[in-house]
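Colleague: Listed here are the chains, written in short residue letters.
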Amino acid sequence: MERDQKRIANEDNKTEVDIQTNPIFLEVVRNYLITTCREMGIAMMRTSYSPMFNEALDFTCVIFDGKGEMIGQAEFCPAHIGAIVHTVEWAIKEVGPENMKPGDVILHNDPYRGGCHLPEFMVLKPFFYNGKIVAYTANIAHMTDVGGMVPACFGDTRNIFQEGLRLPPVKIIENDEECADIFRIIISNVRTPRNSYGDLKAMIGSCYLGERRLRELLEKYDLPEFEQCTEDIKNVSEVLTRKAIARLPDGETSFEGYLEDDGVIPDRPWKIKGTLVVRGDEIIADYTGSDPQAAGAINQSFGVTASTTYNAILHILDVDIPINHGCYRPISIVTEPGTIVNVDYPGSCVGGNSDTYPTTVDILLSGFSQISDRSSAADGGTCGLIGFGGTNPDTGEPFAHLHLDGVGWGGRNDHDGNDNIFVKNGNCANTPAEVYETRYPVLIEEYNLALGEGAPGAGRHRGGHGTRRIWKFLAPTTMSAHTNRLTLRPWGLFGGDDAGNQVLKFRIGESKEWKNAKEQFNTISLGKFSNVTMNPGDEMLLVTAGGGGYGPPLERDPQLVLEDYIEELLTAEYAKDKYGVVIDEARREVDGEATARLRAERREK
Amino acid sequence: MNKCASCGILVPCHEVIREHHGVKLVFCSDKCFGIYETYKFPKYKEKILMAERATSPPSE
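Protein sequences, first through last, are from chains Z and P. Here the first sequence stands for residues 0 to 604, numbered as in numbering that gives the first Met the number 0. Here the second sequence stands for residues 0 to 59, numbered as in numbering that gives the first Met the number 0.
Since the hints were derived computationally from the structure, they do not count as laboratory data. It is possible that some hints are incorrect.
Simulated pairs of lysine-lysine, DSSO-like, Cα-Cα distance not exceeding 27 Å [unchecked claim]:
hint, chain 1, residue 1, chain 2, residue 2
1, Z, Lys200, Z, Lys100
2, Z, Lys92, P, Lys30
3, Z, Lys270, P, Lys42
4, P, Lys23, P, Lys44
5, P, Lys44, Z, Lys270
6, Z, Lys170, P, Lys2
7, P, Lys2, P, Lys44
8, Z, Lys92, P, Lys2
9, P, Lys30, Z, Lys66
10, Z, Lys270, P, Lys2
11, Z, Lys272, P, Lys44
12, Z, Lys66, Z, Lys131
13, P, Lys30, Z, Lys272
14, P, Lys39, Z, Lys270
15, P, Lys2, P, Lys46
16, Z, Lys92, P, Lys23
17, Z, Lys272, P, Lys39
18, Z, Lys272, P, Lys46
Given only the sequences and the hints, what does the whole structure look like? Please build it.
Modeller: The following block contains the structure:
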């Protein structure tokens, strides 16, 4: 292949990079790497045992170059894609490339060592070519159970020991053979050994598949050509990211927001605060001013905080920028160890990656809203994490399952928020009712969009809808929760309304009354608690929150209000109250004159 | 184990050690040293110096 030398630069020529690779070849290789990651993901989905992977798709497959810098990823979970750069960097440094051999696979889940949280296992396979490491394939995936004090890991834990098994970077495969002792340690310490073993093998298998595809690529092209191309892939992304950042105004912008509680200290909100600094073509996210680390599991590891930062920034930059290591170069992070955004050992942090994360992203976006119109109002801000565990009466086998659900996303400058989409850290799917009822002793009695409680915030562009789900338990089940937005509401922006709260309630035995966790089980928190028992016939209701509204409701296009009315998402009365839109219900049309009069009256007030 | 004086990440090995305002500091990368030199120290100088005075051994 010819090498064309091109010089690409920022608009004011402050950053220049020589691109030596032919641009067509560069795009072919870049897309080959993305396709390989997608193929790894399909293999993972089809060979894994747990619904967490084959239904919810809570995993990410990534390719790194020989330096340990990310060169390929695909449409997986943003939380993983951001944190894995630190997880992999740590694993490579601690194990040492000189100690790796062909046929090795390394496993690592330690949040203090660049990881996300204990359930997120990361497997990393060095790819050797002509005797040297030229790339790594990696898979980071959320194992449903890693031992610890609650099935499926999420509750009101107070330190890392209560959360489960913590593994520093260790070889789990050596010379293409299982390291039996490591496997035995893992499956002896989890509630679902069969599923966990199968899931780990699926993760490892996906890395082997990625390696095969890289070998096929290098059998077609020279190694020096490939290495130069991957450098240029990163460099192009870096320059595009710098160009996009340079279009933001220079200066400092503050951000501040709260987690409603940590599950341990009653009624105490926790602050995430800091400053976004735009300096030319780089951004610094300075979290100085955030609270000290919490007693409960809401803390974020450094890897998680880095990931939230990349996530928020990439949300407001150009959508066409290819995501790889190059994007992260212009972004710097400042944190204090021992704070809620950089937890110190042995602080609990299992909830940080899953349920603090979306709130942190929303807080950053609220800061960016002062300098960019690409921000959005807050989303429902929780994964709705409910952990279940017990013994299946049909099979006699232990089960553990982690429930995730969609929320409403916040309204944006040009669009309503998405309905029932997982929060911004994941790209996960829900568990279908059919799978629930087949695999676990539950019935799903209801699954709808949330229209009353938890309703989205009104706005020129309204928030999206969360969901409403009712479970009926058919066997004794241990249940734990780690959720948010039960007291603090997802906020609106620029005059948009806040959305409604999340709701988590229980109807026990013969009672007809729904009660919250404090009323029913005497918990400290409405949404963070461990190991309550649900008996056959007991029911649980979860309503996830909608998204906040963007812009004043009185500015919403009346035709959009009418569309929502026709879709039965709101009533004519609500349309009049919130939006000042009068709907002729008999004709199913907007009464334009009455609407204009009503809105004029409201504005005068 | 040391923590980066700028970003706060744990640094397992291959530390970048630089001297600044008369003190040897550990960083995870030269990039973080640059952020410390041009942003963090100028902005939080008093707080940083106070913390260093509080943790330094008493003079004889």
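Colleague: Give a verdict on every hint.
Modeller: Hints and how they fare:
{"no.": "1", "hint": "Z:Lys200 - Z:Lys100", "verdict": "holds (19 Å)"}
{"no.": "2", "hint": "Z:Lys92 - P:Lys30", "verdict": "holds (18 Å)"}
{"no.": "3", "hint": "Z:Lys270 - P:Lys42", "verdict": "holds (21 Å)"}
{"no.": "4", "hint": "P:Lys23 - P:Lys44", "verdict": "holds (16 Å)"}
{"no.": "5", "hint": "P:Lys44 - Z:Lys270", "verdict": "holds (23 Å)"}
{"no.": "6", "hint": "Z:Lys170 - P:Lys2", "verdict": "holds (26 Å)"}
{"no.": "7", "hint": "P:Lys2 - P:Lys44", "verdict": "holds (18 Å)"}
{"no.": "8", "hint": "Z:Lys92 - P:Lys2", "verdict": "holds (15 Å)"}
{"no.": "9", "hint": "P:Lys30 - Z:Lys66", "verdict": "holds (17 Å)"}
{"no.": "10", "hint": "Z:Lys270 - P:Lys2", "verdict": "holds (23 Å)"}
{"no.": "11", "hint": "Z:Lys272 - P:Lys44", "verdict": "holds (19 Å)"}
{"no.": "12", "hint": "Z:Lys66 - Z:Lys131", "verdict": "holds (11 Å)"}
{"no.": "13", "hint": "P:Lys30 - Z:Lys272", "verdict": "holds (23 Å)"}
{"no.": "14", "hint": "P:Lys39 - Z:Lys270", "verdict": "holds (21 Å)"}
{"no.": "15", "hint": "P:Lys2 - P:Lys46", "verdict": "holds (18 Å)"}
{"no.": "16", "hint": "Z:Lys92 - P:Lys23", "verdict": "holds (22 Å)"}
{"no.": "17", "hint": "Z:Lys272 - P:Lys39", "verdict": "holds (16 Å)"}
{"no.": "18", "hint": "Z:Lys272 - P:Lys46", "verdict": "holds (17 Å)"}
Comparing the model with each earlier hint shows no violations; every hint is respected.
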